[in-house]
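Novice: Read off the chains here:
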Amino acid sequence: DVKVTQSSRYLVKRTGEKVFLECVQDMDHENMFWYRQDPGLGLRLIYFSYDVKMKEKGDIPEGYSVSREKKERFSLILESASTNQTSMYLCASTDPYSKQPQHFGDGTRLSIL
Amino acid sequence: GDSVTQMEGPVTLSEEAFLTINCTYTATGYPSLFWYVQYPGEGLQLLLKATKADDKGSNKGFEATYRKETTSFHLEKGSVQVSDSAVYFCALSDHSGSEKLVFGKGTKLTVNP
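Chains as they are written, first to last, in the numbering used here: chain A, 156 to 268; chain B, 23 to 135.
Some clues are possibly wrong.
[To be verified] Selected chain B positions facing chain A (Cβ under 7 Å, derived; list incomplete):
#, residue
1, Val33
2, Glu37
3, Ala39
4, Phe40
5, Tyr52
6, Glu64
7, Leu66
8, Leu68
9, Ala72
10, Lys127
11, Lys130
[What the hints assert, rightly or not] Label-pair ranges, simulated between beta-carbon atoms:
#, chain 1, residue 1, chain 2, residue 2, range
12, B, Asn44, A, Asp181, 33 to 39 Å
13, B, Glu37, A, Gly171, 25 to 31 Å
14, A, Asp193, B, Glu85, 37 to 43 Å
15, B, Arg89, A, Gly171, 33 to 39 Å
16, A, Leu166, B, Glu85, 33 to 39 Å
17, A, Val207, B, Thr73, 26 to 32 Å
18, A, Gly171, B, Thr93, 24 to 30 Å
19, B, Asn134, A, Ser266, 28 to 34 Å
20, B, Lys82, A, Lys173, 28 to 34 Å
21, B, Glu85, A, Tyr165, 34 to 40 Å
22, A, Glu227, B, Asn134, 41 to 47 Å
23, A, Asp181, B, Glu85, 28 to 34 Å
Calculated from the structure, these hints are not laboratory results. Glycine residues also receive a C-beta, built at the ideal position from the N, C-alpha and C atoms.
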């Protein structure tokens, strides 16, 4: 069965810290995505990657960066965390050639104090 | 750009009531349409999908029909259960190669016994 694993379910960090959120998929998918979910705003795309070392900005990339050194792992980096980055973060992956829907992890609820 | 508008909640129903959650979209080309569900404390799961006009997606008693003429993909269920309480997201995929998803803002459904 498809599996997307996010390293933490809950995370608490302080303003100004550099924060890493990790996501691993076991399906050999080409494409991986990071979204943030906020009440009343739905899910918004932060960054996505369509291959190792390849990345593209989504709708709200400011304050974030990403890293994809291996196909199965896609990391979201908050360079200098701020309180307005407190949110639920969801990772997803898909195989673009099979036209299958995206598979999501369980999410990381991040609080920046 | 592409967008999805869905009925805002929250929606509260009694068990065995009929459910409709409206979803309309704006897109260039011919997107695929999805309904995802998020149960409390979990990530998103695909509920159903439709890839072309007049397709009907169905799963777990839920149905939605891809209506190109009205650009709609309304979610329906004839008799809801307490276990259907969740947040429901309508989404489209633009098939641009990245398979990015554009989400609606989500509708929270609560079903009371």
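Novice: Compare the structure with each hint and give your call.
Specialist: Status of each hint after checking the structure:
For the restraint placing Val33 (chain B) at the interface with chain A, the shortest Cβ-Cβ distance is roughly 15 Å, beyond the 7 Å limit, so the hint is violated. The closest approach between the C-beta of Glu37 (chain B) and any C-beta of chain A is roughly 26 Å, which is over the 7 Å cut-off, so the hint fails. Interface hint status for Ala39 (chain B): violated, as the beta-carbon distance to the closest one in chain A is roughly 25 Å, over 7 Å. For Phe40 (chain B), the interface hint is violated, since its Cβ never comes within 7 Å of a Cβ in chain A; the closest pair sits about 25 Å apart.
Interface restraint check for Tyr52 (chain B): the shortest CB-CB distance to chain A comes to about 12 Å, outside 7 Å, so the restraint is violated. Because the smallest distance between the Cβ of Glu64 (chain B) and any Cβ of chain A comes to about 6 Å, under 7 Å, the interface hint for this residue holds. Look at Leu66 (chain B): its Cβ gets to within about 4 Å of chain A, closer than 7 Å, so that hint holds up. The criterion of a C-beta within 7 Å of any C-beta in chain A is met by Leu68 (chain B), whose closest approach is roughly 5 Å, and the hint holds.
With 7 Å as the threshold, the beta carbon of Ala72 (chain B) stays out of range of chain A, its nearest partner Cβ sitting at about 11 Å, so the hint is violated. This hint holds: Lys127 (chain B) has a C-beta 4 Å from the nearest C-beta of chain A, less than the 7 Å allowed. Checking Lys130 (chain B) against chain A by beta carbon gives a least distance of about 9 Å; that is not within 7 Å, so the hint is violated. Between Asn44 (chain B) and Asp181 (chain A) the beta carbons are some 36 Å apart, a value that agrees with the proposed interval 33 to 39 Å.
Distance hint check: the CB atoms of Glu37 (chain B) and Gly171 (chain A) are about 49 Å apart, inconsistent with the given range 25 to 31 Å. Checked against the hint of 37 to 43 Å, the C-beta distance between Asp193 (chain A) and Glu85 (chain B) comes to roughly 29 Å, which is inconsistent with it. Separated by about 49 Å at the C-beta atoms, Arg89 (chain B) and Gly171 (chain A) break the suggested range of 33 to 39 Å. For Leu166 (chain A) and Glu85 (chain B), the hinted distance range of 33 to 39 Å is satisfied, since their beta carbons lie about 38 Å from each other.
For the pair Val207 (chain A) and Thr73 (chain B), the supplied restraint of 26 to 32 Å holds, since their beta-carbon distance comes to about 28 Å. For the hinted restraint 24 to 30 Å between Gly171 (chain A) and Thr93 (chain B), the CB-CB distance of approximately 45 Å leaves it violated. The beta-carbon spacing between Asn134 (chain B) and Ser266 (chain A), approximately 31 Å, falls within the hinted interval of 28 to 34 Å. For the hinted restraint 28 to 34 Å between Lys82 (chain B) and Lys173 (chain A), the CB-CB distance of approximately 42 Å leaves it violated.
The hinted range of 34 to 40 Å is satisfied by Glu85 (chain B) and Tyr165 (chain A), whose Cβ atoms lie roughly 35 Å apart. About 42 Å separates the C-beta atoms of Glu227 (chain A) and Asn134 (chain B), a value consistent with the hinted range of 41 to 47 Å. For the pair Asp181 (chain A) and Glu85 (chain B), the beta carbons lie near 31 Å from each other, so the given range of 28 to 34 Å is met.
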